[in-house]
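K.L.:
Hey, can you work out the whole structure from these sequences and the hints?
Listed in order, the protein sequences are those of chains A and B. 13 is the number of the first residue of the first sequence in my numbering; add one for each residue after it. 432 is the number of the first residue of the second sequence in my numbering; add one for each residue after it.
Just so you know, nobody snuck in bad clues.
Below, computed lysine-lysine pairings styled on BS3-like, alpha-carbon distance capped at 30 Å:
hint	chain 1	residue 1	chain 2	residue 2
1	A	LYS199	B	LYS890
2	B	LYS596	A	LYS691
3	A	LYS145	B	LYS890
4	A	LYS680	B	LYS596
5	B	LYS886	A	LYS199
6	A	LYS687	B	LYS596
7	A	LYS645	A	LYS416
8	B	LYS886	A	LYS680
9	A	LYS691	B	LYS802
10	B	LYS896	B	LYS802
11	A	LYS680	B	LYS802
12	A	LYS199	B	LYS802
13	A	LYS687	B	LYS886
14	A	LYS645	A	LYS557
15	B	LYS596	B	LYS886
Partial pick of chain A residues on the chain B-facing surface, computed with a CB cut under 8 Å:
hint	residue
16	PHE205
17	ILE206
18	TRP213
If you anchor each label on the Cβ, the simulated ranges turn out as follows:
hint	chain 1	residue 1	chain 2	residue 2	range
19	B	SER469	A	GLU236	55 to 61 Å
20	B	GLY988	A	GLU236	17 to 23 Å
21	A	ILE61	B	GLN974	57 to 63 Å
22	A	GLN616	B	GLY851	40 to 46 Å
23	A	SER618	B	GLY851	49 to 55 Å
24	A	ASP653	B	ASP740	43 to 49 Å
25	B	PHE719	A	GLY692	21 to 27 Å
26	B	ASN597	A	VAL675	27 to 33 Å
27	A	PRO280	B	PRO669	32 to 38 Å
Quick caveat, the hints were computed from the structure, so don't treat them as lab data. Cβ atoms here follow ideal geometry from the backbone N, Cα and C, with glycine treated the same way.
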Amino acid sequence: MPELMDPSMPAGLNLVWMILLLPLAGFLFQAAFGRIIERAFGPALGRRILGFMAVIPIAVAFVIGCILVTHIANQPSDARVAISTWFDWINLQSIHIPFELRVDPLSLTMVLIITGIGALIHLYATGYMAADKDYPRFFTYLNLFIAFMLMLVLGNNLALVFIGWEGVGLCSYLLIGFWYEDIENAKAANKAFIVNRIGDWGMALGMFLIAVVFASSQNLLGGETRYLSFDVILPLAQQVVGEWGGAVVWAIPLLLFIGAVGKSAQFPLYLWLPDAMAGPTPVSALIHAATMVTAGVYLVTRCHVFFEMSAFAMGTVAVIGCFTAIFAATIAWGQYDIKKVLAYSTVSQLGFMFLACGVGAFSTGMFHVTTHAFFKALLFLGAGAVIYAMAHNQDLRNYGGLRKYMKITYFSMLMGWLAICGIPIWAGFWSKDDILGKVFASNDYWHAQGWAINPVVLWAIGLVTAVLTAAYMTRMFWLTFFSGEERWRNLPDPQHTHRPHHVHAHTAHHDEDPDEHGFFLETVEEEGHHDHHDLGPTHEPREVKPSMWFPLVVLAALSTVGGLILSGGYPVTEVFGVHTTNLFKEWNAVSAQPSVLPSKELFQVSHSTEAVLILLSIAAGLAGILWNRARYKKGVPKNEDTKLRRFAGSQWGYDNAMYQAFVNAGGKLSEASYKLFDKGIIDTLLVNGVPWLVASTGKLFRKTQSGYARSYAMAILIGALAIASYIFYSVSR
Amino acid sequence: MNTLAQTTTQGMGLLSLMIFIPLIGAGVLALIPREYASWHRYLALLCSFVAFLVSVSTWYFFSGNTYHFQFVESIPWIQSLGITYKLGIDGISLWLILLTTFITVISIWFSFYVKERAKDFMIALLVLETAMLGVFCALDLILFYVFFEATLVPMYILIAVWGGKNRQYASVKFFLYTFLGSIFMLVAIIAMRFMAGSFDLIVLQDLASRGELAVDNVQMWLFAAFALAFAVKVPMFPVHTWLPDAHTEAPTAGSIILAAVMLKMGAYGFLRFCLPLFPEATIQAAPFMMGLAVVGIIYGAIMAAVQTDWKRLVAYSSVSHLGFVMLGIFALNHNGLTGGVLQSINHGISTGALFLMVGMIYERTHTRLFKDYSGLKRQMPMFAMLFLIIMLSSVGLPSMNGFIGEFLTLLGAFQAGFEGAVPMWMPIAAGAGVVLAAVYLLWMFQRVFYGPNDKPVIKRLRDIKPWEQASVWLLVVFVFWAGLYPTFFTQKMEASINAVRHQTLLPQGERPTWADKSIDINGNGDIVEALERDSEDLGTWTQGRVLVQNNHYLQKGEARAVAVR
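P.N.:
As structure tokens, then:
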């Protein structure tokens, strides 16, 4: 790629930098001129201009990404790496961290997902947010998010990845708390940032460990001081880490994995993601489904060499992923809020991705990242359309029969639903089936490596999770679009009722909009919209506008055929003995294939077993669909609100336990220690107490009243004399 | 390269000019009658700005190619006692001087709102600036001590006269607390005079480099006396309790200068005196000092989290942030030391800006309690945005200045742990401070800016005025400058950082001295012969033989060069 590294280009400003700088320019434009344009042209035209200016940079970045893909695809697979350096960030004698971008199949895969799906979601948001009073602020944050996310995936060293890593966390924080006048949203935003920071702590320590380990192996590095750059550390990882051995081998991957657990919402740090649904729905689709939350999978795949060297680390990744998958699936089964169902579903699907990475199928994990980005963005945007049409109510129990009213949304979401349930030929099938197959196939290898839990057990859990996934998605889908009854018509008329328990959540609203729009039970509702009426018997849902349904249709197409095209029908074709090109795998051949693990022996499975596995995973999806279709085809069953479901819905009590332990107890402990140490022991006893003591003793000998200042001086004098006499004693000795 | 910076002057020079411009200004101010209030303000601003320009010129002429002191001035002062008026700066003090002059301009600018006894206020600020600049320039221990204590008086007056409700308690506590700490330093300085016969830092360090200054227990005691003075100033846990009271009660300009500059005098003291003069004691005490730093980081953060007073929260955040500075310094490696100095500067900017902005609101509402605030973002969007940026720089978001310092200090601490100098739990626990910083700062932001805009005290507010915005924007520019291009700051720093580290860690006899100008430090940190150098022209020299090979990291299989005794 000579044109990417051409030093004659002004300050290295070439195509790959344009990808990064376009969204950044968009961000600066929105931040600087957003309000001005809105005011100058009026809300209607002004927002149209701003929306256009927000979508264009992302769309152009996508086009540039495609150009780079064609450039790189022409190279032989081992030459598909180019690095472009701009200027020094941190340049010390002891460590050198330049601003350098890495263009390779892995980063470009992510770039296409981020800019492609990002542009669609930006377009959708121009419609969704059209009536919001903070329209420019929304796109300011959203463009900034894209810039940071691109930095995360394009950065050629861990420190740059960390800029993106924390930067997307910041944008997530700002967007979750976008409607900050409801303090609950602000709290959800804080929770997201802080829980993520716990993960970042692990990632930073991993970074430090890598830097110090490589810096202490100068014999292999030969004077290179870019201790965090991928092109330095990845090729040498095996040698350097192998030389150190011991704890370094497992500590590096596990510390990095803590970061991934935080960002990708895995157990035990997934807690922030469900709360993050407080943000506007396009944010949930873009950040909390398609892109940011997959950063952890990206990190593991990018640094897979470090993981591969430790069977223990790999096992941890697989087990955490597998447990999170089934744990979140059971919670999703207990949700009534349409966005919450999708949120837990995302957590669960991310678990699948880590499961794949954990057994060494990094490319398959990335493939699931891709297909999941298609169908989960689609489902979230579809849910957003439903929420939009249903006067911003998110409770499944108030939906029903919507397919009549929203044909395009219904049809698009149908594709997404089939995809996530794992029905062939839809996208989710190819990746999920491949993951389960790879887990099963790696059994012998990892068993020989001494894993405590055999992959076959993980495979079985994964299969059960697949049934559950199909089940809760069918429940959501049927309660929304089918099941005959139109349940919102049973609601009391909002004009004549008053429910005080809603008042606290909407105080911000009362200034301008005295109407209430909540009902039935407390759900997290979106605010900031003033053009809607309330849900009630007379409500007539309508199809959303074109700027909103167009992205749905595109994503529906991708969810339908995207997986088949990218995988070339693998592994089904294998069973039939047909050889097709697995585009995705071939494309990622260098950056995502195991380099330490023996890829030949890792996944060994016969064609007949493969066929059985495929049939089983299809059966799992069908079973889940049939089970819950039967259950929900007539609406909400009488026995829906069981204790078990409620307990599952409350995250099996985990969230509450964490809250009690850290927020409540921690807060009380902190206050107590403030009163005891800072105020009590140090200040009262020592700082104010010593002069008091001196003053009191002084009184015994002298009648004169000792003032505050004087008694301090006394204490000073005594101390100084003591020190001085000791020093003179030591010197004269 | 010209030789302005590298020549030793036998009279007053650029540094004296810079130091005394504010003092002369203060004198002129004193002569102008009280009625001309705006004269006082603009003249004070002018003086501080000229001092800033002079400090920028020192930066311009300063050469990063040598670790020797530059702009050295030496005038016999009290000859009978051997006290000289000796000034000079290196790559560490250079940045702290720039920080001081810059922050003073901002503080005086913002102090235009002071209506009551404005003349005295400005005089106090200018005198304070002179004293602070003196601290960072002095090379004679008595001169240093005089400046060090001289900072207390104007600050005491600022708190006691223009402070908040509890100002009497806070000002007396501040004065005596810090005075108590430094009196031991004076004793130690005098003791060294008797032992070594000089107050000159360069002479003393020359002796220390050969192990002839003080040994064993005596050195430990001298170290302790200096360390106490500086630890109170920093402040380190558990001698930090003067800080919340002083910061909270001080007027805004006082809080800014306290946080941005005066705390740094402690960190600077460690770097300038403790490490070079008492190397063995430093190495011995390093794990203990790092332990205290870690406790300070965590403890300060937890204390900040439980505050109900906005300004007090920011004050406690300083305890936590300064813990990172100390952590980096006592990691005793290049990453940590550089990070410590950078963190000093960055904390000065970030926390200075936080105090500035809290001050802006306090001037309008006269309340600092969180319960009086809610939904300020809707009321003052521009202020909220600027505050968000500064808060995030304090949180340590990468691409902003706070991150660079925290990253390097933590990396340095981690390196020290990895190489076995300190227990591994220390850097790991210190990392938790970064998580806690997010807890208390985001919570602060939530309580003030988020939520419904329904507090009566806020409803009548307008957004901050353009000149107020401008003062914050200056700081914001710095936030991103230092965050995206810290190399600019480290370029002129590294030689001096290397010198301090070598003076501390190398065995006796191999340590570079400031007295011996025939050696210098090259771009890799090696100690080399400086050939073809006019004895005065330090900035340009030809590199000779490598005397001591440097490696910034302990290589695998290598034993620690200096055995911890």
